[in-house]
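K.L.:
With the sequences and hints as input, model every part of the structure.
Okay, so the sequence shown: first residue is 11 according to the working numbering, each after it adds one.
Derived by calculation from the structure, the hints in this document are not laboratory data.
A few of these clues could be false.
[What the hints assert, rightly or not] Okay, derived cross-link-like pairs now, DSSO-like style, lysine-lysine, Cα gap no bigger than 27 Å in a straight line: (1) Lys-139 with Lys-109; (2) Lys-49 with Lys-109; (3) Lys-272 with Lys-292; (4) Lys-49 with Lys-292; (5) Lys-343 with Lys-292; (6) Lys-272 with Lys-343; (7) Lys-139 with Lys-26; (8) Lys-109 with Lys-26; (9) Lys-225 with Lys-139.
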Amino acid sequence: MCSAGYGSPKAFSCQKCMSRNEMIGLYVLAAFLLLGFIKVLCHFTLAETGARAHGPLHEVDQGLRVTDLLKPLVVYLQYLLIITTLNVEWPSTFSYPCKVLAWMFSAASPHTLSVDCLSSPSSLPFAVKRTMFYVIAPLVMLVALLVIEAVLHMLWGRKKASAASVIDVLASSTIVVLFFFLPSLARTTFGLFACVQIDTLGASSSDAGLAAVGKFWLLDLSQACFSGYHHNWALGMGLPLLVFICLALPSIAFILTLFGLKNTTDREGFARHYGFLFRTYKAHRAFWEGVIILETIALVAVSVFGHSLGSYFQVVIAAITLTIVYGVLVIFKPYAQDTAQHVMEYGLLCLLLTALVALTLMPDGYVQ
Numbered sequence: 011m012c013s014a015g016y017g018s019p020k021a022f023s024c025q026k027c028m029s030r031n032e033m034i035g036l037y038v039l040a041a042f043l044l045l046g047f048i049k050v051l052c053h054f055t056l057a058e059t060g061a062r063a064h065g066p067l068h069e070v071d072q073g074l075r076v077t078d079l080l081k082p083l084v085v086y087l088q089y090l091l092i093i094t095t096l097n098v099e100w101p102s103t104f105s106y107p108c109k110v111l112a113w114m115f116s117a118a119s120p121h122t123l124s125v126d127c128l129s130s131p132s133s134l135p136f137a138v139k140r141t142m143f144y145v146i147a148p149l150v151m152l153v154a155l156l157v158i159e160a161v162l163h164m165l166w167g168r169k170k171a172s173a174a175s176v177i178d179v180l181a182s183s184t185i186v187v188l189f190f191f192l193p194s195l196a197r198t199t200f201g202l203f204a205c206v207q208i209d210t211l212g213a214s215s216s217d218a219g220l221a222a223v224g225k226f227w228l229l230d231l232s233q234a235c236f237s238g239y240h241h242n243w244a245l246g247m248g249l250p251l252l253v254f255i256c257l258a259l260p261s262i263a264f265i266l267t268l269f270g271l272k273n274t275t276d277r278e279g280f281a282r283h284y285g286f287l288f289r290t291y292k293a294h295r296a297f298w299e300g301v302i303i304l305e306t307i308a309l310v311a312v313s314v315f316g317h318s319l320g321s322y323f324q325v326v327i328a329a330i331t332l333t334i335v336y337g338v339l340v341i342f343k344p345y346a347q348d349t350a351q352h353v354m355e356y357g358l359l360c361l362l363l364t365a366l367v368a369l370t371l372m373p374d375g376y377v378q
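P.N.:
What follows is the structure, encoded as structure tokens:
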């Protein structure tokens, strides 16, 4: 629990809050940057899928497209932010650029700006406010995208959009927003269930000492694990989110790309709605977006639940996970374009090297 005037950007850390106006300004600027990035990806997704919707959904030689490179880039940045959340004291030469990157993703990442600094003390705990912020953020971003699209239609003097075009924009925008915010939603979901052991009982313990021993909620170390309000929020909000993130999203991605892609009768509409999911990959690897979702969930789980294992084992498991992800990528080679495949391979190698270097930043090795 941070003192007044301090916020918690990540577990076991507090930082002094900036002024409220500065915080709001940085959040708004970061939101515009992220919104612009998402809008660009949405634009190219609709443009590219629309241009090829009348032909085969997977062509033999489509040529390198913008989304072929943007998607691996975004995945790399997401994984980099996940690695930086490991409980490691990173050197300033590495941590500062990562903080700038985390600031650009402030609506989806708490590791530079803390929402606590914008909240006033109330009956609702800071941990709950923080959780609600990162659950609502994707919905706000989706609404903002749709508003921008409506404004562009008005400024360009277009006729009233047809129901089909509105559905195209809504479907494509929803998929892209979920793609950007998946690590944030997974981190928020797992954070509702993450607990850590605080101290152990000694030969003689006072009443105050007994109260400070046991498992406590990672997001609020003053709250005993699955007791009080933590129990209610973990079950009420955590379970539905867990089903959505870990079961519904991967299942939907696999079903759409494995079965919907083969059985669709409206090839043009299917490509406009869901082209973002499969256009980057080879025809026989169209399901790969589901694999990316599962890999992302696994990495986030290591970064969240690994706190209970200690820094050393958390980093080791993260390195093992990255090694498996890299091995699967090299074996199956899912990307349709060699350039995109190489970009993803090199990115994962850099992340794996970063995780291995983190082990050298622990002078006591596995001793926690």
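K.L.:
Indicate, hint by hint, whether the structure satisfies it.
P.N.:
Status of each hint after checking the structure:
| no. | hint | result |
| --- | --- | --- |
| 1 | Lys-139 with Lys-109 | holds (22 Å) |
| 2 | Lys-49 with Lys-109 | holds (23 Å) |
| 3 | Lys-272 with Lys-292 | holds (14 Å) |
| 4 | Lys-49 with Lys-292 | holds (25 Å) |
| 5 | Lys-343 with Lys-292 | holds (9 Å) |
| 6 | Lys-272 with Lys-343 | holds (21 Å) |
| 7 | Lys-139 with Lys-26 | holds (19 Å) |
| 8 | Lys-109 with Lys-26 | holds (15 Å) |
| 9 | Lys-225 with Lys-139 | holds (22 Å) |
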